[in-house]
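Student: Given chain A, put chain B in place with the hints provided.
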Amino acid sequence: MSKKQNKIHDFVAEGFEQGWKHLDSSQLTSEKTLETDVVVIGSGAGGGNAAEILAKEGLSVIVIEEGPLHTAKDFHMKEDEAYSELYQESAARQTKDRGIKIFQGRMVGGGTGINWTASFRTPPTTLNYWTKEMDVKGFSVDEMQPWFEWAEKRYKIQEWTDSPNANNSTLEKGCEKLGISWGKISRNVSGCLNLGYCGTGCPVNAKQSTLVTSIPGALKAGAMLISKARAETFDLRKGNIVQLKCRAMNARGNSPSDQLIKIKARHYVLASGAIGSPAILLRSESKSLNPHGLVGTRTFLHPVNISGAIMPFPVNGEYGAPQTSYSDHYVDTRIDNKKPGFKLECPPLQPMLVATTLDGHGKTHAEIMKQRPFLQVLIALQRDGFHPESTGGKVYLKSDGTPGLDYPVSNYVWKGIRDAFLAMAEIQFAAGAKAVAPVHRDAGIYSSPREVKHAIAGLPMEILKARLFSAHVMGGCPMGEDPVKSVVNSNGRHHEVENLSVFDGSIFPTSIGANPMETIFASTAKFAGDLAREMIN
Amino acid sequence: MLTRRNLFKQSAFSAITMLALESCYSSPEIPPAPDGLGHDFEFLTLADRGILSKLAPVILAEGLPTSEEQKALVIKEIIVGWDIAVNGLPLLTQAEIRKLFSVLDSNFILSLTPRLLTGVPAAWDDSKEIDEFLNNWRFSDPKSLITGNELRVGYMGMVEITMACWYANPRSWDFCGYTGPPVL
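Going down the list, the protein sequences come from chains A and B.
Per the numbering used here, numbering of the first sequence is gapless, rising by one per residue and ending at 537.
Per the numbering used here, numbering of the second sequence is gapless, rising by one per residue and ending at 721.
No lab work stands behind these hints, which were simulated from the structure alone.
Where hints are given, some of them may not hold.
Ranges between beta-carbon positions, derived for each pair [what the hints assert, rightly or not]:
# : chain 1 : residue 1 : chain 2 : residue 2 : range
1 : B       : E669      : A       : Y396      : 30 to 40 angstroms
2 : B       : A632      : A       : G191      : 40 to 50 angstroms
3 : B       : H576      : A       : S257      : 17 to 27 angstroms
4 : A       : D332      : B       : H576      : 32 to 42 angstroms
5 : A       : G191      : B       : K680      : 46 to 56 angstroms
6 : B       : E579      : A       : K398      : 20 to 30 angstroms
7 : A       : E149      : B       : P719      : 56 to 66 angstroms
Restricting the straight-line Cα-Cα distance to at most 30 angstroms, the calculated cross-link-like pairs of lysine-lysine (BS3-like) are [claimed, not checked]:
#  : chain 1 : residue 1 : chain 2 : residue 2
8  : A       : K434      : B       : K613
9  : B       : K608      : A       : K96
10 : A       : K363      : A       : K137
11 : B       : K608      : A       : K78
12 : A       : K363      : A       : K394
13 : A       : K363      : B       : K608
14 : A       : K245      : A       : K264
15 : B       : K608      : A       : K370
16 : A       : K363      : B       : K636
Predicted, not measured: the structure shown is a model, and the values here were computed from it.
Glycine included, each C-beta is placed from N, C-alpha and C at the ideal position.
Isolated chain A (complex conformation) (with noise of 0.2 angstroms):
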């Protein structure tokens, strides 16, 4: 693979060129202590945002971050090369049972790094929820507004006017010809050339990831960046955090080396994410940071399940905006939660990506990559954890200590994923699409919209029959106003350790119902700033 350098200005590497602060502890020959006031666990939505708005108010702060530091200059739109450099677990991280696959961002920028800059308010369905289920304060759509508002803003959220590539607008048409209701996507870009990347880091930093804007922002203000650092453990005394231990990652990002790097801070701001935050909890086993075991409960997923069709015209997905379209229908239509509902959007269509994503082998599945250019495809999103059957997942330890997650699938959730195949093929097929296949490893190819609703009727709604995905982890440290049922507070306070905050997606009580960057972004500059202030004064 050539490591040309793209000719754009990299202003993100020259600013470490410059002088930023930055420690790739991969290179460290020898145990290193550090102290700070603050010390933020991780650098995409939750952790780069924190340490941006603690930082500007004067904190010293210093960035905790598993993945690599890349930047524009880096980034060839090359799937091997991102998904291996820039994900966990090479992008091939799976739940217990391996009926889900988890696509999560590890690099500095997080998921914001190679997401598909889909911008969305938390629906206000799922704020009122959060406010008369769950006990949580300070959420209601009122009270949320100047929040979004002010992500909107920092982070260049808007509404996306160009014209969307074939793979969207064939789900806008399937919908305008079924009368079903469709939408734009906001999104985080400023002077995007419509390449269709964002999934492999983007290489002219348009996206406005944390990388290109509140971990600059952060370390113009003085902050530190440590990379390719996994934090491990806190160590505690008189139930208060007094050191994070994390060890230096080897070169190659896959396994801890034996360096130590210590931290002692005032205060510990958690932002690792739905799977990594409880992880953290979990192996310092220490009853005070989980005392009534819920840390790792209730976590959510979305679970996404996918629709192919071949058009009669070329959708060449991997080129454009890879998703600016988006229809609700089946979250508005069902709010009552009596059925479940579903978000359907589409993704990018890279070669890698396809290929790995269909089931099977041999002269069928070369038959579809051959049709790939005139391949649309449909995800659906299960917005999983507002009905009592759906509970969501558990975050559990493995035998070296990295997280897993067990996510069984609930019976209520399966039949969201039938209906959501039979949506998705109805709306391939009123857009013209000339065959649709359910992608299910009992599924065909189908021709007409008849021949699919009598085969997915009968297909096996079962773990590793369909194939399954899941672009979102949410949840796991749950946010409550009651200390028995959840793990911190409507601020994003622990409720018995005093100096640990927990900033990112685990601290929803449910799943958003839609990408949540926009109310990681939201909820954790509306808690930072309240932190900032208490510990000035």
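Tutor: Coordinates of chain B only, in the frame set by chain A:
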């Protein structure tokens, strides 16, 4: 975990029957490893590489170049890609893949259990038989009382890594109508 021990422990045959049977069956030969294009292999053994050289053409089928010379070259590249990909995975995942290969590589298994449990082909030269074995694993019951989900998961792992190694390779892009990343 799919190991020989588990397979035998849970199978209907006693170890003694197995040993007796083994002596009656001839073990199929592990195919020779193609040359490694100068790559310094860290994970894949010679036997793994030999087996992959037979699996990849069946998994990728018409997706591979038609010219025998080109096909031989890209299979070598796919095997190198496999080694690089596995080396980047967490060590626990690497250990699982090692166990998968230990089932594929093992003459003992090959000679005894083709049609009984794992369906691993009795001969690596017969692509029809390899395809049958892949389909047996693909459509195996993920809730099998004997092998659990291991055959299905093993299938998905083998196929996905092979697909990833090929369709990330620019030589595959003509076939799948991809003109590659835009030039900036």
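Student: Tell me the numbers of any earlier hints that the structure contravenes, in ascending order.
Tutor: 4, 7, 8, 9, 10 and 12
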